[in-house]
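As a plain string of letters, each chain reads:
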Amino acid sequence: MGKTLAEKVWDAHVVRKGDGEGANAQPDLLFIDLHLVHEVTSPQAFEGLRLAGRPLRRPDLTIATEDHNTPTLDIDKPIADLTSRTQIETLRNNCKEFGVRLHSLGDAEQGIVHVVGPQLGLTQPGMTVVCGDSHTSTHGAFGALAMGIGTSEVEHVMATQTLSLKPFKTMAINVEGTLRPGVTAKDIILAVIAKIGTGGGQGYVLEYRGSAIRALSMDARMTICNMSIEAGARAGMVAPDQTTYDYMQGRPHAPQDADWNAAVEYWNTLRTDDDARFDVEVDLDAETLEPFVTWGTNPGQGVSLSAEVPSPEDFGDENAKLAAERALQYMGLEAGTPMKDIRVDTVFLGSCTNSRIEDLRAAADIIRGREKDPKVRMLVVPGSARVRLEAEAEGLDKVFKEFGAEWRFAGCSMCLGMNPDQLEPGERCASTSNRNFEGRQGKGGRTHLVSPVVAAATAIRGTLSSPSDLEPVAVPASTTTDAA
Amino acid sequence: MEKFTTHTGIGVPLRQSNVDTDQIIPAVYLKRITRTGFEDALFAGWRKDESFILNQEPFSAGSVLVAGPDFGTGSSREHAVWALKDYGFKAVLSSRFADIFRGNSGKQGLLAAQVAQDDIELIWKVLENAPGTEVKVDLVSKTVECGNVVAPFDIDDYTRWRLLEGLDDIGLTLQHEEDITAYEATRPSFKPKTLPARTQ
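Protein chains in written order, with this note's numbering: chain F, 1 to 484; chain V, 485 to 684.
Hints are computed from structural coordinates only; laboratory data are not their basis. Just so you know, these numbers come straight off a predicted model, no measurement behind them. Heads up, a few of these hints could be off.
List time: in silico SDA-like cross-link candidates among lysine to any residue, alpha-carbon distance up to 25 Å [to be verified]:
hint	chain 1	residue 1	chain 2	residue 2
1	V	Lys675	F	Trp260
2	V	Lys487	F	Ala25
3	V	Lys515	F	Glu290
4	F	Lys17	V	Glu668
5	F	Lys166	V	Ile654
6	V	Lys675	F	Thr243
7	F	Lys321	V	Ser535
8	F	Lys321	V	Glu605
9	V	Lys487	F	Asp28
10	V	Lys515	F	Leu51
11	V	Lys677	F	Arg251
12	V	Lys626	F	Phe168
13	V	Lys677	F	Trp407
14	V	Lys626	F	Glu21
15	F	Lys321	V	Gln500
16	F	Lys166	V	Lys515
17	F	Lys443	V	Lys515
18	F	Lys166	V	Glu661
19	V	Lys487	F	Gly18
20	F	Lys443	V	Val512
21	F	Lys17	V	Gln500
22	F	Lys166	V	Tyr642
23	F	Lys375	F	Asp469
24	F	Lys17	V	Thr665
25	V	Lys675	F	Tyr245
26	F	Lys17	V	Ala669
27	F	Lys166	V	Ala666
28	F	Lys17	V	Ile654
29	F	Lys443	V	Asn539
Please take these sequences and the hints and turn them into a complete structure.
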């Protein structure tokens, strides 16, 4: 029997097979090709190395950046929050001591760790990629096996460049057909999570397949793989193809010359074999998808934007019913309210899910020539300093600023509010991020997860809206894209 | 790591599904650079509510958390495990754990015991009817006991062995260092390196 993509990448990285078989099998020891590091989940790992007197084995396969804590305003001034500043300074000292490459605030390559890796060409097909951050699944868009890990595992990778990993099961997510206008990658993944649930992917590596996935750009594939973790999956992957290679070519760390040819030859083998079998297959019809939005406090609690807030009674399972009741109370919503009647205070365009150049372009295309609802505040936070520069070269910053949005510096920002970008209690936000958990964007804040184009349309109308709800404007969009 | 064989302590019924790691420890507490001292951060948002279970006696002295399905979802923050441990929890019972949380627990000696939801419901009833009832978690026999309820739990054999023996992961791996070195010698030259740094 053939192998799936995930199994091929796994097998190519086994340093040592675990002893035993079946239920008694010990985990395999896998080599890690790339370790991404940031300030939040690394200090205790570095400290562990120091206490044990261990070196960091492969600084040349490790890269660090500052993202979770960094301010998005006044980045030339010392960080006001002392604990944030200490954490950033600790990372700087640790990287110096252990010889790790670091892109600090102010550096053109600084940014969200999952935006930085791919844009430098460090994320490549067939690699194993880890980071002490659950959204490491993003890198699976390249056909890499990419997983979020905890701090103990971060220390383990630092010390050994390997991880002990238990075998996973495989799940195919088949998305066939053509997306309708205004429907994006974000809507695909929100629909997948609503379908299989926040625990539905548990123990699985997901492979996104089908004509709708093949048609997506790399930025869009990253959006989908990014949120695999919200379905509980260990990782999410897309097989590499010409779209992947076109994205890779010419990036700073992409293979060059003879290496490029050897790499492409290898990457071309990274496809699930025709006779391979997935443990589970899930089908989704791209043609019927609509813009999706969450109503509750976990990413599985989502509906089509044209639907209504569900009632707890709609859920058969007692736990789901209780969860829905609690979520509606927290979100301040009544069952039966049309989603499009929900007014928001804030729109956040950013996060490792949707802060890449195509996301910014897609939102800018919607708002160009239109006016923002004056009561809505909008934050635009590019995923990396490089994305910000690129957007400014295209004049997107002007589009956002003229619209009345705040054009910020790069970082995780309001996705998790570890920096000053937070919601006030009760404040309602349409957010292109990945988690609508209670208090995630600020204590008492209420989050609706949306795509960049829905975020843009919502900023115009003040209520959750899709681009199709907008009046046409005279100014034609300067770019078109199937991304975001 | 300390060895874990059995533990007996007050059970805390947390009737909630999808307890994500943002609830277990909000992000604001992740700015610390130490590995201990997170007891104040555990469920910090919920603990501001007086009716929250850990604000009630005798549950505040609990050491076995009995939670709904999909415990520990979301962020990979190992701080969630540190906070549970620092507070005094030795074991968490749930019918389904998020993968990363379960992995982190195993590394830190917090027992994540997977118990069937039907049994969780029975244990919840015992703990709610007789607050302060102790739960015995036996890793040797893979069973939990609470009042008249005796239920099996699942845990993978490898994690169980490491917990029983109190083994350190890095030390175990470094026993096979020559295998790592041998693998490194076979890696193709097209695989990227972060050093020397190249930028646009």
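A quick look at each hint next to the structure:
1. Lys675(V) to Trp260(F): holds, 10 Å
2. Lys487(V) to Ala25(F): holds, 21 Å
3. Lys515(V) to Glu290(F): Since the Cα atoms of Lys515(V) and Glu290(F) sit roughly 39 Å apart, the hinted pair is violated (cutoff 25 Å).
4. Lys17(F) to Glu668(V): holds, 16 Å
5. Lys166(F) to Ile654(V): holds, 16 Å
6. Lys675(V) to Thr243(F): Status holds; Cα separation ~19 Å.
7. Lys321(F) to Ser535(V): holds, 21 Å
8. Lys321(F) to Glu605(V): holds, 16 Å
9. Lys487(V) to Asp28(F): holds, 23 Å
10. Lys515(V) to Leu51(F): holds, 21 Å
11. Lys677(V) to Arg251(F): Holds. Lys677(V) to Arg251(F) sits at ~13 Å (cutoff 25 Å).
12. Lys626(V) to Phe168(F): holds, 23 Å
13. Lys677(V) to Trp407(F): Answer violated: Lys677(V) to Trp407(F) is near 33 Å, above 25 Å.
14. Lys626(V) to Glu21(F): It holds: about 20 Å lies between the C-alpha atoms, which stays within 25 Å.
15. Lys321(F) to Gln500(V): holds, 11 Å
16. Lys166(F) to Lys515(V): violated, 30 Å
17. Lys443(F) to Lys515(V): The given pair, whose Cα atoms are some 16 Å apart, holds under the 25 Å limit.
18. Lys166(F) to Glu661(V): holds, 19 Å
19. Lys487(V) to Gly18(F): Within the cut-off at roughly 22 Å; holds.
20. Lys443(F) to Val512(V): holds, 10 Å
21. Lys17(F) to Gln500(V): Not satisfied, since the Cα-Cα distance of roughly 39 Å exceeds 25 Å.
22. Lys166(F) to Tyr642(V): Holds, at about 9 Å.
23. Lys375(F) to Asp469(F): Holds, at about 19 Å.
24. Lys17(F) to Thr665(V): holds, 15 Å
25. Lys675(V) to Tyr245(F): holds, 15 Å
26. Lys17(F) to Ala669(V): holds, 18 Å
27. Lys166(F) to Ala666(V): Given that 25 Å is the threshold and the Cα spacing comes to 22 Å, the pair holds.
28. Lys17(F) to Ile654(V): The hint holds at about 17 Å.
29. Lys443(F) to Asn539(V): Between Lys443(F) and Asn539(V) the Cα gap is close to 19 Å, so the pair holds against 25 Å.
Comparing the model with each numbered hint stated earlier shows that hints 3, 13, 16 and 21 do not hold.
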